[in-house]
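Quick mapping for you: the protein sequence lines, in order, are chains E and D. FYI, the numbering for the first sequence is 1 to 336, going by the working numbering. FYI, the numbering for the second sequence is 1 to 288, going by the working numbering.
Don't take every hint at face value.
In silico DSBU-like cross-links for lysine-lysine, where the CA-CA straight-line distance does not exceed 35 Å [to be verified]:
hint: 1; chain 1: E; residue 1: 147; chain 2: D; residue 2: 154
hint: 2; chain 1: E; residue 1: 5; chain 2: E; residue 2: 187
hint: 3; chain 1: E; residue 1: 127; chain 2: D; residue 2: 154
hint: 4; chain 1: D; residue 1: 79; chain 2: E; residue 2: 127
Label pairs and their in silico Cβ distance ranges [stated by the list, open to error]:
hint: 5; chain 1: D; residue 1: 55; chain 2: E; residue 2: 175; range: 54 to 64 Å
hint: 6; chain 1: E; residue 1: 299; chain 2: D; residue 2: 102; range: 31 to 41 Å
hint: 7; chain 1: E; residue 1: 157; chain 2: D; residue 2: 55; range: 27 to 37 Å
hint: 8; chain 1: E; residue 1: 261; chain 2: D; residue 2: 214; range: 48 to 58 Å
hint: 9; chain 1: D; residue 1: 117; chain 2: E; residue 2: 150; range: 37 to 47 Å
hint: 10; chain 1: D; residue 1: 86; chain 2: E; residue 2: 79; range: 28 to 38 Å
hint: 11; chain 1: D; residue 1: 46; chain 2: E; residue 2: 157; range: 29 to 39 Å
hint: 12; chain 1: E; residue 1: 261; chain 2: D; residue 2: 227; range: 36 to 46 Å
hint: 13; chain 1: D; residue 1: 220; chain 2: E; residue 2: 79; range: 50 to 60 Å
hint: 14; chain 1: E; residue 1: 38; chain 2: D; residue 2: 220; range: 55 to 65 Å
hint: 15; chain 1: E; residue 1: 201; chain 2: D; residue 2: 102; range: 49 to 59 Å
hint: 16; chain 1: D; residue 1: 211; chain 2: E; residue 2: 201; range: 42 to 52 Å
hint: 17; chain 1: E; residue 1: 61; chain 2: D; residue 2: 234; range: 27 to 37 Å
hint: 18; chain 1: D; residue 1: 227; chain 2: E; residue 2: 332; range: 21 to 31 Å
Hint data in this document are derived by calculation from the structure and do not stem from the laboratory. Note that the Cβ used here is the ideal one computed from N, Cα and C, for glycine as well.
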Amino acid sequence: MEKKKIYLVDTTLRDGSHAVSHSFTADQVRAIAGGLERAGAAMIEVSHGDGIAGSSINYGFIGTPEQDLIRAGTDVVHNSILTALLIPGVATIADLEIAREAGIRAFRIATHVTEADVGIQHVRYAKDAGLTAVGFLMMCHMVGPEKILEQARIFVDAGADYINIADSSGYMVPDDVRARIELLVEKLPVPVGYHAHNSLGLAIGNSLAAVESGATYIDATLRGLGAGAGNAQFEVLAAVLDRLGYDTGVDFYQAMDVAETAVDPVMHRPQVVNNTALMLGYAGVYSSFLLHTYRAAERFNLNPRDILVELGRRGMVGGQEDMIVDVAYQLSVGKE
Amino acid sequence: MEKIKAGIIGPGNIGSDLMYKIMRSKNLQMRIMAGIVESEGIKRAAGLGFATSTEGVLAVAEDPEVQIVFDATSASAHKKHAPILKEAGKIVFDMTPAAVGPFVVPCVNLDQLTEADNFNMVTCGGQATVPIAYAINRVADSEYTEIVSSLASKSAGPGTRANIDEFTETTSEALRTIGGSDRSKAIIILNPAEPPIMMMNTIFAIVKNPDEKTIRESVEDMVRRVQQYVPGYQLRVPPILDGNKVTVIIQVEGAGDFLPRYSGNLDIINAAAISAADEIAGRMLGVN
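Using the sequences and the accompanying hints, generate a full structural model.
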């Protein structure tokens, strides 16, 4: 029997950018993207952690201009598809054009799970330019499967090539993943993908649940490098899927080698589920809030856990890093 | 007392809220609400005893009593309306992102726009953040200003959603041209939380002269000035300095004239337009 094809989408150089405070250099991109190309990743995502043009006070300035990082990717990526995230409201079509000129061939248009319509113009633009466009829904733990389906259809109608749902907080357990992926796979005319965070230690387990439910594109990062507790670990996922008889096209020995030689040396800290990262998953808070919360906790002399719980209570969504300062300030003056 | 008569094109949410604001303004008198089809907004205006028309821009342009016009349609429609209204000698407040005329943020640059007959109201985020950007820059010299506006999903209409790039690009431009910053970036976030969140605006600046006391005084002065036309404009986090980085957070609660209070974003752009129009009307009447 023919093995089922699963496409591994590496986002070490995008989601992993959070974990190194957006400090990747062009040489690091060449080493990591080059290794992923040799290992056989289907797509390789390169951009600021908050997508192209995410470099800002709110999300952190990027150390090397994004175009230089993308061009470094184009130097070494030939068979894989060089990809970038674009969050409407942060980046514009003008930014998309700059990234396209630097060599990006697929754009993943990311909105909060209930706000897909703000990404219609970007999906259409990418498709009209002959590029791959992906509808990427963030914070998918916050609503049920039917609502996700409704929003996914907005992206599909705009022309998206596949739909990716993200558990941006790492809040979901495998049954949550199955319920969402199964409905999308059944109802949508395009493939479905999944993006895990490891806040509850379930990134590989949830990714497996997604695959078993019919998802065919799975996000992962070498060493699990990513915002908060990190993502599904690429080389581990490749090994697990190989054991289970799926065809990822990935040579996981090569993946292990690039993780060891190119990713280990650039990591700022071990990618573990520490107490604060665990709280992201438990409270349902956007993973990239983690390091910003540490800074605010230090500035206002608070426990980071208290800030995260309040952010979760307020229902903050992806991109609202500025509200970490508001919560910390209000807690420090005793208003919350 | 004599007042200046005003017309509104576009009887949707924005147009209806503008009508209620005109009704309690000092120097303006509601005259006509014009749309292109029969609608709830047209009925509402008729119910309040105002003239109505489904002849759109022409009904307003050809009404000799109307001197000030609010265009609450769309950018593409306003580009067609602008020359017609100019020919008719009307003073126009453009609520769309068309930017036919200069940007106006009343508490910052209305006094400098003595010759203009078409005023563009920037964006809701611009009306909320440019005053603070200006207040920081005037005392601290901003190299870079960045704003984050968070809106309740329910208060972001189809026009904003279909053209979200227009919002960020226009707001960013106003942070430089009116706010005075050398460089700028604008970010917009839609948050669907229930009950709906109040409009929140964070203004970050990288400045050359980071003196906390002067920045704080300048920002507090500006907040008081904006509060004169937007009572729900509140300083949530006063200027915090980290080295040369300034952070200010502003919450905008709407007046609840026609729109819900969480729609502070829609309220502030309307309140700014009415404030500017009322000032111009006062000049025309010679009462200021």
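Within a Cα-Cα threshold of 35 Å, do residue 79/D and residue 127/E meet the stated pairing? holds (29 Å)
Agreement of residue 127/E and residue 154/D with the hint, judged by alpha carbon distance not exceeding 35 Å: Roughly 29 Å separates the two Cα atoms, so the pair holds.
CB of residue 227/D to CB of residue 332/E, is that within 21 to 31 Å? holds (25 Å)
Looking only at beta-carbon atoms, does the pair residue 201/E, residue 102/D fall within the given range of 49 to 59 Å? Since the Cβ atoms of residue 201/E and residue 102/D sit about 57 Å apart, the hinted range of 49 to 59 Å holds.
Regarding residue 211/D and residue 201/E, is the given constraint of 42 to 52 Å on their beta-carbon distance met? holds (48 Å)
Is it true that the C-beta distance of residue 157/E to residue 55/D lies inside 27 to 37 Å, as the hint says? holds (35 Å)
Against the range 48 to 58 Å, how does the distance between the Cβ atoms of residue 261/E and residue 214/D compare: consistent or not? Between residue 261/E and residue 214/D, where Cβ atoms are some 52 Å apart, the hint holds.
For residue 220/D and residue 79/E, compare the CB-CB distance with the range 50 to 60 Å and indicate the outcome. holds (59 Å)
Range hint compliance [Cβ, residue 38/E to residue 220/D, 55 to 65 Å]: holds (59 Å)
Kindly confirm whether 37 to 47 Å is satisfied by the beta carbon distance between residue 117/D and residue 150/E. With Cβ atoms ~45 Å apart, the hint holds.
Within 29 to 39 Å: is that where the Cβ-Cβ distance between residue 46/D and residue 157/E falls? holds (38 Å)
Taking the Cβ atom of residue 61/E and the Cβ atom of residue 234/D, is their distance within the range 27 to 37 Å? holds (29 Å)
Taken one by one, the earlier hints fail for this structure at numbers 10, 12, listed in ascending order.
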